[in-house]
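In order, the protein sequence lines correspond to chains A and B. Using numbering that gives the first Met the number 0, the first residue of the first sequence is number 0, and each one after it goes up by one. Using numbering that gives the first Met the number 0, the first residue of the second sequence is number 0, and each one after it goes up by one.
Just to be clear, a hint being listed does not mean it is correct.
[As the list claims (entries may be wrong)] Restraint-style ranges between C-beta atoms, simulated for each label pair:
no.	chain 1	residue 1	chain 2	residue 2	range
1	A	24	B	132	24 to 34 angstroms
2	A	31	B	64	56 to 66 angstroms
3	A	206	B	125	56 to 66 angstroms
4	A	263	B	70	20 to 30 angstroms
5	B	54	A	263	12 to 22 angstroms
6	B	12	A	190	17 to 27 angstroms
7	B	54	A	252	32 to 42 angstroms
8	A	158	B	125	40 to 50 angstroms
9	B	133	A	158	51 to 61 angstroms
10	B	284	A	186	33 to 43 angstroms
11	B	291	A	263	52 to 62 angstroms
12	B	54	A	14	30 to 40 angstroms
13	A	35	B	54	50 to 60 angstroms
[Stated by the list, open to error] The following residues of chain B were derived to be distant from chain A, with all beta-carbon distances above 10 angstroms:
no.	residue
14	20
15	26
16	37
17	82
18	113
19	190
20	198
21	205
22	234
23	253
24	266
25	290
26	297
[To be verified] To give an idea of the chain A side of the interface with chain B (calculated C-beta under 8 angstroms), a few residues:
no.	residue
27	5
28	7
29	8
30	12
31	14
32	63
33	92
34	98
35	102
36	273
37	274
38	275
No wet-lab data here; the hints were simulated from the structure. Every residue gets a Cβ at the ideal spot worked out from N, C-alpha and C, and that includes glycine.
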Amino acid sequence: MTFTALFGSEVRRLGARRAVRWSLVVALAIVMLVVVVATLRSTGLGVGDHTMRLSALWKREDGKVSSLLLAMSVYVFILVIGVAATAVGGDYRAGTMGTILVREPRRPRVVVARIGAVALVALVLCVVALGVFVGGWALGAAWRGSTAQLDPDFWTEVAKVFGRVALAAMTLAVITAGLAFVTRGTVGAVMIWFGYLIGIEAVLGQRVRVLQPGLLLGNFIAFVQGSDVHFPSQPRADGTIVERYAQPGPGLVRLLIIVAVVAGLGVLAFRRRDVS
Amino acid sequence: MAVIEAQGLRKVYGRRVAVGGLDLEVPDGGGVFGFLGPNGSGKTTTIRMLLGLISISSGQATVLGERPGPGLHRVMPRIGAIVESPALFPAFSGRRNLELLGRIQGVGPRAVDAALTRVGLAERADDRVAKYSLGMKQRAALAAALLTDPELLILDEPANGLDPQGMKELRDLVKSLGAEGRTVLVSSHLLAEIQLMCDRVAIIQGGVRVTQGTVEDLLAMGRPTGLLLRVTDALRAAEVLESAGIACTATGESDQLRVDLPHDAGARVTETLAIHGIYLRELLADEVDLETVFLELTRRGPQIP
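Chain A with its partners taken away, still in its complex shape (with noise of 0.2 angstroms):
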């Protein structure tokens, strides 16, 4: 049997379950109805501040980057996180893990197909969802908003954040079904998860300000939206403060390695382990 049939198989069977299709629609619904409110909401140009602008998207001002996109990719990561969560524990929870070793056995194989199947899952997952948006947002500001106030490169900065924002949604798919293969379940996956956000991230990156360049947040947060993240530290006895970053370029990178390593521990439990 070829790794492009368990591949195939595994996408297919991925894409066929509820949980992957009810994400859609959760997905789906959530940016139309941002897009429906604010398209109703808007007053067209000058009327107060319910202009429906499709600059909105992405902006630059005074160097900073504001963008929707970004804001309704985190529903889209939440969302991802979840599916690549049941994608892996969900065939542990019906014992169907087994179904698939005893046609085939090469467990490495087996993580590879599945990771690959999810990530592609939240690949498409995300461009549906952020493409209905973005098309839905730029339908409602050319009917009653304004499509003005465009930066001369605004499509390609839309272009380039929505490719970001494609590539991080794999990432936390690809982590998210390495931990779950490590932990076994959907539930210890997200567990983890909230257990780094709130232990490693909140609390001891507060703690040790020096961590926090190098931390997963900092990182996919630079990569995103492709620019530094600033990690100012504590105020020193002579008053100065320490500026730290974290970059899109070396934020990938890292996200990377985390991914990397996260995904080898999925592969190490899964051909380690027993499979009952």
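Take the given structure of chain A and dock chain B to it, following the hints.
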């Protein structure tokens, strides 16, 4: 040549020994091989080890000449297996399940249709597996195991949860699969079913093989066959039979005797009694069954086959 061989196969969970040095040999050449043991005797654990689902603590095993593990992929297309319960994807239809599994194994819709028809599930193939009865799930899982037309089938407790009609259908199906030249390993604790469908059996207890052989050989290990006869005056009948040199014993029922003669000796018994004016109300063959042998053997512990 054995399709499955195990020597000293052992699985330990912490301090608990699930399988304690099992030797097993499932011969090639087709037929149905029963793998018997009480609940918790290590049948499923053994099958999981053979299929590479769980690690082997010590000992050796081969399935179609390959050791359990990654190398098993070379022979997996020749193996069909159901382990413990029919684990299919509940949200998909039976057909969809088989199509997805078939895709992994490189078989197409034609093989899926053939397998569904073979197990009698063609009419309900498009219903969701979650709506299937346990018997239908078992059949769907069996269809999945048959997708590649395997030469070795490993079925772990396939009769679990089936009603009498379902058991009969399964028995007929398994027997027909064995008759086609496939080797079918069936694990079960349902001894009557095993006796009806298997050619050879291995009995394990506490993760150790108690005995292995043909069903006939095992039955021969039990008490000898005899005749059960029911008469109005059992005491007088016993005296008559003893005086004629026919050994008999009381069975515990006041009007019943057991005669230690082969089944074809009924005529001699009836003639002997009739000469003395004693007429039988009932004459039955007292057959030893696999259950009797199984209970006796598992009580005694491991035997040298």
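Going through the hints against the structure:
For the pair residue 24 (chain A) and residue 132 (chain B), the beta carbons lie near 31 angstroms from each other, so the given range of 24 to 34 angstroms is met. In this structure the supplied range 56 to 66 angstroms holds for residue 31 (chain A) paired with residue 64 (chain B), their Cβ-Cβ distance being about 58 angstroms. Judged by the Cβ atoms, the range 56 to 66 angstroms given for residue 206 (chain A) and residue 125 (chain B) holds: they are separated by roughly 58 angstroms. Distance hint check: the CB atoms of residue 263 (chain A) and residue 70 (chain B) are about 23 angstroms apart, consistent with the given range 20 to 30 angstroms.
At roughly 20 angstroms, the beta carbons of residue 54 (chain B) and residue 263 (chain A) sit within the given window of 12 to 22 angstroms. Under the hint 17 to 27 angstroms, the C-beta atoms of residue 12 (chain B) and residue 190 (chain A), about 25 angstroms apart, fit the expected range. Distance hint for residue 54 (chain B) and residue 252 (chain A): a CB-CB separation of about 36 angstroms, consistent with the stated range 32 to 42 angstroms. Restraint check, residue 158 (chain A) to residue 125 (chain B): a C-beta distance of roughly 43 angstroms satisfies the suggested window 40 to 50 angstroms.
Range check, residue 133 (chain B) to residue 158 (chain A): about 53 angstroms between beta-carbon atoms, so the 51 to 61 angstroms window is met. Between residue 284 (chain B) and residue 186 (chain A), the C-beta spacing of about 59 angstroms breaks the proposed range 33 to 43 angstroms. For residue 291 (chain B) and residue 263 (chain A), the Cβ-Cβ distance of about 56 angstroms falls inside the hinted range of 52 to 62 angstroms, so the restraint holds. The beta-carbon spacing between residue 54 (chain B) and residue 14 (chain A), approximately 33 angstroms, falls within the hinted interval of 30 to 40 angstroms.
Range check, residue 35 (chain A) to residue 54 (chain B): about 55 angstroms between beta-carbon atoms, so the 50 to 60 angstroms window is met. Chain A leaves residue 20 (chain B) outside its interface by the beta-carbon criterion, the shortest separation being 19 angstroms against a cut-off of 10 angstroms. Look at residue 26 (chain B): its CB is around 22 angstroms from the nearest CB on chain A, clear of 10 angstroms, so calling it non-interface holds up. Consistency note on residue 37 (chain B): stated as away from chain A, and its beta-carbon is indeed over 10 angstroms from all of that chain's, at 20 angstroms minimum.
Against chain A, the non-interface label of residue 82 (chain B) is violated: not every CB pair exceeds 10 angstroms, the least being about 6 angstroms. Residue placement check: residue 113 (chain B) keeps its beta carbon more than 10 angstroms from all beta carbons of chain A (closest about 18 angstroms). The claim that residue 190 (chain B) lies off the interface holds: its Cβ sits roughly 26 angstroms from the closest Cβ of chain A, which is beyond the 10 angstroms cut-off. Every CB of chain A is more than 10 angstroms from the CB of residue 198 (chain B) (nearest about 24 angstroms), matching its label as outside the interface.
Distance to chain A confirms residue 205 (chain B) as a non-interface residue, since its nearest Cβ pair spans about 20 angstroms, more than 10 angstroms. At roughly 59 angstroms from the closest C-beta of chain A, the C-beta of residue 234 (chain B) stays outside 10 angstroms, upholding its exclusion from the interface. Even its closest Cβ contact with chain A, about 53 angstroms, leaves residue 253 (chain B) beyond 10 angstroms, as expected for a residue assigned away from the interface. At roughly 55 angstroms, the least C-beta separation between residue 266 (chain B) and chain A is larger than 10 angstroms, which holds for a residue marked as non-interface.
Interface exclusion of residue 290 (chain B) from chain A stands, the closest Cβ pair being 29 angstroms apart, more than 10 angstroms. For residue 297 (chain B), the requirement that its beta carbon stay farther than 10 angstroms from each beta carbon of chain A is met, with the minimum near 25 angstroms. The closest approach between the C-beta of residue 5 (chain A) and any C-beta of chain B is roughly 5 angstroms, which is under the 8 angstroms cut-off, so the hint is satisfied. A least Cβ separation of about 6 angstroms between residue 7 (chain A) and chain B falls short of the 8 angstroms threshold, and the interface hint therefore holds.
Here the hint on residue 8 (chain A) is kept, as its CB sits about 4 angstroms from the closest CB of chain B, short of 8 angstroms. Proximity of residue 12 (chain A) to chain B holds as hinted, the smallest CB-CB distance being about 5 angstroms (cut-off 8 angstroms). Annotation: residue 14 (chain A) was flagged as interfacial toward chain B, and the flag is violated, the nearest CB pair being 11 angstroms apart, outside 8 angstroms. Of the supplied interface hints, the one on residue 63 (chain A) is violated, with its beta-carbon coming no nearer than about 46 angstroms to a beta-carbon of chain B, more than 8 angstroms.
Violation of the interface hint for residue 92 (chain A) is found here, the shortest Cβ-Cβ separation to chain B being roughly 10 angstroms, above the 8 angstroms cut-off. The interface hint given for residue 98 (chain A) is met, as the beta carbon of that residue sits about 5 angstroms from the closest beta carbon of chain B, less than 8 angstroms. A cut of 8 angstroms between beta carbons decides the hint on residue 102 (chain A): the least distance to chain B is about 5 angstroms, and the hint holds. Here the hint on residue 273 (chain A) is kept, as its CB sits about 4 angstroms from the closest CB of chain B, short of 8 angstroms.
With a least beta-carbon distance of about 5 angstroms to chain B, the hint placing residue 274 (chain A) at the interface is held under the 8 angstroms criterion. A least Cβ separation of about 7 angstroms between residue 275 (chain A) and chain B falls short of the 8 angstroms threshold, and the interface hint therefore holds.
In summary, the structure is inconsistent with hints 10, 17, 31, 32 and 33 from the numbered list given earlier, while agreeing with the others.
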